[in-house]
Amino acid sequence: DVKVTQSSRYLVKRTGEKVFLECVQDMDHENMFWYRQDPGLGLRLIYFSYDVKMKEKGDIPEGYSVSREKKERFSLILESASTNQTSMYLCASSFGQGDLLGNQPQHFGDGTRLSIL
Amino acid sequence: LAKTTQPISMDSYEGQEVNITCSHNNIATNDYITWYQQFPSQGPRFIIQGYKTKVTNEVASLFIPADRKSSTLSLPRVSLSDTAVYYCLVVIYNQGGKLIFGQGTELSVKP
Chain A
858 DVKVTQSSRY LVKRTGEKVF LECVQDMDHE NMFWYRQDPG LGLRLIYFSY DVKMKEKGDI
918 PEGYSVSREK KERFSLILES ASTNQTSMYL CASSFGQGDL LGNQPQHFGD GTRLSIL
Chain B
417 LAKTTQPISM DSYEGQEVNI TCSHNNIATN DYITWYQQFP SQGPRFIIQG YKTKVTNEVA
477 SLFIPADRKS STLSLPRVSL SDTAVYYCLV VIYNQGGKLI FGQGTELSVK P
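Read top to bottom, the protein sequences are chains A and B.
Just so we're aligned, residue 858 is where the first sequence starts under this note's numbering, counting upward by one.
Just so we're aligned, residue 417 is where the second sequence starts under this note's numbering, counting upward by one.
Don't read these hints as lab results, they were simulated from the structure.
Even glycine gets a Cβ: it sits at the ideal position worked out from N, Cα and C.
No false leads were slipped in.
In silico lysine-lysine, DSS-like type, Cα no more than 25 Å apart, as pairs:
| no. | chain 1 | residue 1 | chain 2 | residue 2 |
| --- | --- | --- | --- | --- |
| 1 | B | Lys419 | A | Lys914 |
| 2 | A | Lys928 | A | Lys875 |
| 3 | A | Lys927 | A | Lys914 |
| 4 | B | Lys468 | B | Lys419 |
| 5 | B | Lys419 | A | Lys912 |
| 6 | A | Lys914 | A | Lys928 |
Label pairs and their in silico Cβ distance ranges:
| no. | chain 1 | residue 1 | chain 2 | residue 2 | range |
| --- | --- | --- | --- | --- | --- |
| 7 | B | Arg461 | A | Lys875 | 29 to 35 Å |
| 8 | B | Met426 | A | Val909 | 38 to 44 Å |
| 9 | A | Leu974 | B | Arg461 | 29 to 35 Å |
| 10 | A | Ile934 | B | Ser439 | 32 to 38 Å |
| 11 | A | Ser865 | B | Tyr467 | 33 to 39 Å |
| 12 | A | Lys860 | B | Glu433 | 30 to 36 Å |
| 13 | B | Thr437 | A | Gly873 | 40 to 46 Å |
| 14 | B | Glu433 | A | Ser939 | 44 to 50 Å |
Could you build the full structure based on these sequences and the hints that come with them?
What follows is the structure, encoded as structure tokens:
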């Protein structure tokens, strides 16, 4: 069974800090995604990656960056955390290999609840 | 601006069939429509996906009309454990091939 592991379930940081959220998947998936989930807004895509060192902006990339140095690991970086980045962050992965992005089921981690004080 | 629309919440009783509809315009021609289920403190979990007409698996059915402007997730004979939030996911290309989740439908199943 696919396992997507996010490094922390809960994280508290201060405004202006650089924050790293880590995600690891164990199924050799090509695609990896970062979402944020807010009440009333559902899930919104921040960034995704379809291969090592490749990245694409999602709906709300402002204030975030990502890194994918190895196939199994996808990191989300808040360069200078702000209070409006307090949210639940979800990582996902899916099989790729040239298939259309929406055609492979995504497998999600259980999320990191990030609070910026 | 293209987006998806789902009911915010629905109530049902055990044993009933529940239908949740997601409206979506300008979706990509070749991409599937996918539905996910999410329990509190967990990530979403894949339920079903389809391209058109009807798809059925062991937990749900998915109905997609020919124009693909909507999709309906059907849960037969729900139980208390089906209480969750349900999301549709589509690809909308007039926003640059963006994956768009619906805002989610909170289903509450009562005894």
